[in-house]
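Q: Two chains, two frames, some hints: make the complex.
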Amino acid sequence: MATETGMSLPVRDLKLRMERVGMAFERDGKSVSVLEDINLDVSDGEFICLVGPSGCGKSTLLNLMGGFLVPTQGSVIIDNQIIRGPDPRRILVFQERGVFPWLTVEGNIGFGLAKLSRAERRERIDHYVQMVRLQGFEHTFPSDLSGGMQQRLQVARALAVNPDVLYLDEPFGALDSSTRLILRGELLRIWQRERRTIIFVTHDVDEAVQLADRVVVLSARPAKIQNVLTIDIPHPRNISSARYLEHRDDLLKRIGLAYTA
Amino acid sequence: MKAFNQPGRWEKFFWPLLAATLLLSLWHYSVLWTATQVFPSPLSVEKGLAELLREHVLWSDIADSLRRVALGFGTAAALGIPLGLMLGWYPSANQVLNPVLQILRPISPIAWVPIAIVLFGVGDHAAVFLVFLGAFFPIMVACTGGVSTVPSIFRRAGRNFGLSTAQILARVVFPAALPQILVGLRMALGISWLVVVAAEMIAVDSGLGYLVIDSRNSGKRYDLVVAAMLLIGLIGLALDIGFRRLERIKSVRWGFDHES
Chain H
1 MATETGMSLP VRDLKLRMER VGMAFERDGK SVSVLEDINL DVSDGEFICL VGPSGCGKST
61 LLNLMGGFLV PTQGSVIIDN QIIRGPDPRR ILVFQERGVF PWLTVEGNIG FGLAKLSRAE
121 RRERIDHYVQ MVRLQGFEHT FPSDLSGGMQ QRLQVARALA VNPDVLYLDE PFGALDSSTR
181 LILRGELLRI WQRERRTIIF VTHDVDEAVQ LADRVVVLSA RPAKIQNVLT IDIPHPRNIS
241 SARYLEHRDD LLKRIGLAYT A
Chain W
1 MKAFNQPGRW EKFFWPLLAA TLLLSLWHYS VLWTATQVFP SPLSVEKGLA ELLREHVLWS
61 DIADSLRRVA LGFGTAAALG IPLGLMLGWY PSANQVLNPV LQILRPISPI AWVPIAIVLF
121 GVGDHAAVFL VFLGAFFPIM VACTGGVSTV PSIFRRAGRN FGLSTAQILA RVVFPAALPQ
181 ILVGLRMALG ISWLVVVAAE MIAVDSGLGY LVIDSRNSGK RYDLVVAAML LIGLIGLALD
241 IGFRRLERIK SVRWGFDHES
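Here the protein sequences line up with chains H and W, keeping their order.
Oh and the first sequence: position 36 is 36 in the numbering used here, straight run, nothing missing.
Oh and the second sequence: position 127 is 127 in the numbering used here, straight run, nothing missing.
Note that these hints are calculated values from the structure, not bench results.
Just so it is clear, the structure is predicted and the values come from calculations on it, not from any experiment.
C-beta atoms are modelled at their ideal positions from N, C-alpha and C, and glycine is treated no differently.
Any given hint could turn out to be false.
[What the hints assert, rightly or not] Stretch-level coverage of chain H by chain W, calculated; a stretch enters the list once three of its residues show a Cβ under 8 Å from a Cβ in chain W: (1) 79 to 89; (2) 136 to 149.
[What the hints assert, rightly or not] Which chain W residues stay away from chain H? Per the calculated CB distances, all over 12 Å, these: (3) 49; (4) 194; (5) 221.
Bound conformation, chain W alone (with noise of 0.2 Å):
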């Protein structure tokens, strides 16, 4: 029973193959049938995507959007897990700041834009501040539960062995919650590349989000409007795929066992 159960290798790549070639026919026979000016059928969308390789300034948006989020997210980490830390370590700290935290955590990113352009101009700096945004509640979130959920029994040891309270976060509460960091930070980074699009469509004149608006009004240009759209997608899952790796590392691995 268990051979029908597990699927071949062949089977691995040819369902999903199958389903992505249904749905692009769909696609494709959609825009046939209703015979639409406005929307690309996948053969344009290709031909779109050849276009912008072949012009070069594919290249400079993808490492602009990469370098926004870089720099957002890593500040975001950089603040987030401290500060995350230090609020899971002392729940008074917590209890003051936690409501404030709250109500700001679930105002999206993009009704921060006004104020990003007021603080930073019309530029990068506004860009990176959405994304900053975006990704350091999460984060933080992530620590404060993290530092929470560590088992009394390992702070209990690191006490009794002697260490100080900054050797006990650094050296026991940390990697104790670095599984649950790791989820968050993954989180992050992926609302990190939703953001960084948004943003890029209201703030700045390069990266994909910008060249997804400018293709739109620059002659209504939905062939390439599509296909840097398709390249988000395909980026945001590389970058997803990435940041998996990390969780196999030997030392965070026995915190994601019971996923695998």
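So here's chain H without its partners, still in its complex pose (with noise of 0.2 Å):
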């Protein structure tokens, strides 16, 4: 934590940093590369989109940066500090059946806030459940709500503990095309309201151009950055103007799916 104030650093609005990291499985009692030299720096506030072929190591690059795995080589710095495991300060959101199905609405989006007090926890459930439209479900449990609902439902309880980064692999890839769309617009929303980093995992090039300031377009195993593309379209993008689809086929390209489709 930079605690010095005043001073403008030069890495102020650095958040997160990969500085050359790897990443190594053993299988078989070899070692399998799945990640190689990958640096990146992403700001504060920032709308990241990973993307690259299926298998490639998209997942496991999120796992090192949310904590769950600690990768062979380098390290994953956020606020200047090396990150030693999962934190409630950056959540994850999963693809599907991350919810509690034990618990209602209210009981998920109020799971990671056993510490505040009653009244706290109470405005607190309130208010993401209205940011992501269940009011009326506050009492349901899971298996009653649409897959829609329960991505929802699992970004308010993301939301809820004040996270400065979120990490969401694949959070919309399970939906079907129209309900995908109206949440990219709903996370889009969320995203300006709350400015929170957003590292967000995707096979789809749509999603990725559609909702990031910069695309990283990953390599096939072992995987590599292979591009880092900025979109500079301001929000709402239109997705049939000519730059949008310029930014689409440029990505398609890099991702190699525009001659293999």
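A: Set out below in structure tokens:
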């Protein structure tokens, strides 16, 4: 943590830094390299999308950033500190089945709020129920919610503990395309209101171009950063504008999907 | 077509009643035709049941059996649930203890009768101990299995929200495994009811099991024997139905949805 005030350090806005990060797993006595030499700086409040061929290690990268895995090389640094494990200041949202089925909507959102007073917890829960538009479902159990509502709930549970970084692992990947479109819009709305740093893994090129400030393209395994694309279109983005399509084609080309599809 | 597959309300009761009536009459006429002097007819069983109710010993026998089940099953749950959770949570502990437990598990509680009597003497404690043995292993195994099948996503979410290991066990692993634990408890309750009757035939002088053996020994009252057997069946059914109601509690219902 930078405690000196009044000094404008050159890294003032830096939130997350990956320094020469490499990851290898042991498999049948052999070491299999999944990620190699990943270098990336993410500023505070930035929206980053990670794309790449399936199985290339996007989720592994996210788990490293979340502190669930320890890199075999290099380090992940958040707020100038090497991370040493999971922390409520950075919450990972899973693709599906991440909400607790034994708790109601309220119970799920309040899950990480045990340390707050009853009144504060109540207030926080109400706030995020509203934010993800689950009013009227406070006492509903997840098994009675649609897939899209479950994902909103998972996002609300994550936001409720006030994290400064949100990791989303293909959060809309299991949803139908129209629900996915709606939830993207909602995520953008929430991000613009709360300005948390978001790292979003997806295999959907449209999703990446629609959401991200920068798109990080990973290569096939062992994954390296192939490209970082800056998407400088202001929100809300017109998904049929020429600039949007240009970025989209560019990204498709870089992933190599343009030729295989 | 669907109307044919979905039985009407009356059919739900009609067919089971018909089956029961047929079985009863089969029983009745078998007794008549074979002219047996030993085996009672349904009517004499019914009279025997009325006699038991009149003499008021029945209620204290039922109460004794239920009390033994409550004590034995309760102790088994109180020890088996935490131990099972621990073994599921620490696979290395499971590896150490599992072989011993797997050898003890298939031993019928009835085989423990001599040891139970040596340890506790002839009396209540011995019967409770046997019930405990019958219930303990299924509960423990269900808990261990329940914990090991909790999706890692839930544990990771628990860690992510900053929970300690004890908190993850209490707030994530236990509720996630609860549906499976309930299945184990229900099975254990059924076994407890089987065991208590057997134990009461050997180790004590009260309870429904004792009623069965005593009716036979004092005057070969097979009408009372069968009456007591029927009661045992009915109470066992009631226990199971009562327990199944727990599965409808909302915080565990998600684990049973595929069954309904």
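Q: Hint by hint, say whether it matches the structure.
A: Going down the list of hints, with the structure as the test:
As drawn, the region 79 to 89 of chain H meets chain W at 4 residues by the rule of a beta-carbon pair under 8 Å; at three or more, the given contact holds. A stretch counts as covered by a chain when three or more of its residues have a beta carbon under 8 Å from one of that chain; for the region 136 to 149 of chain H and chain W the count is 3, and the coverage holds. Consistency note on residue 49 of chain W: stated as away from chain H, and its beta-carbon is indeed over 12 Å from all of that chain's, at 44 Å minimum. The claim that residue 194 of chain W is not at the interface with chain H holds, since no C-beta of that chain comes within 12 Å of its own (minimum 31 Å).
At the 12 Å boundary, the C-beta of residue 221 of chain W stays outside the reach of chain H, the nearest C-beta of that chain being 51 Å off.
Hint compliance for this structure: no hint is broken.
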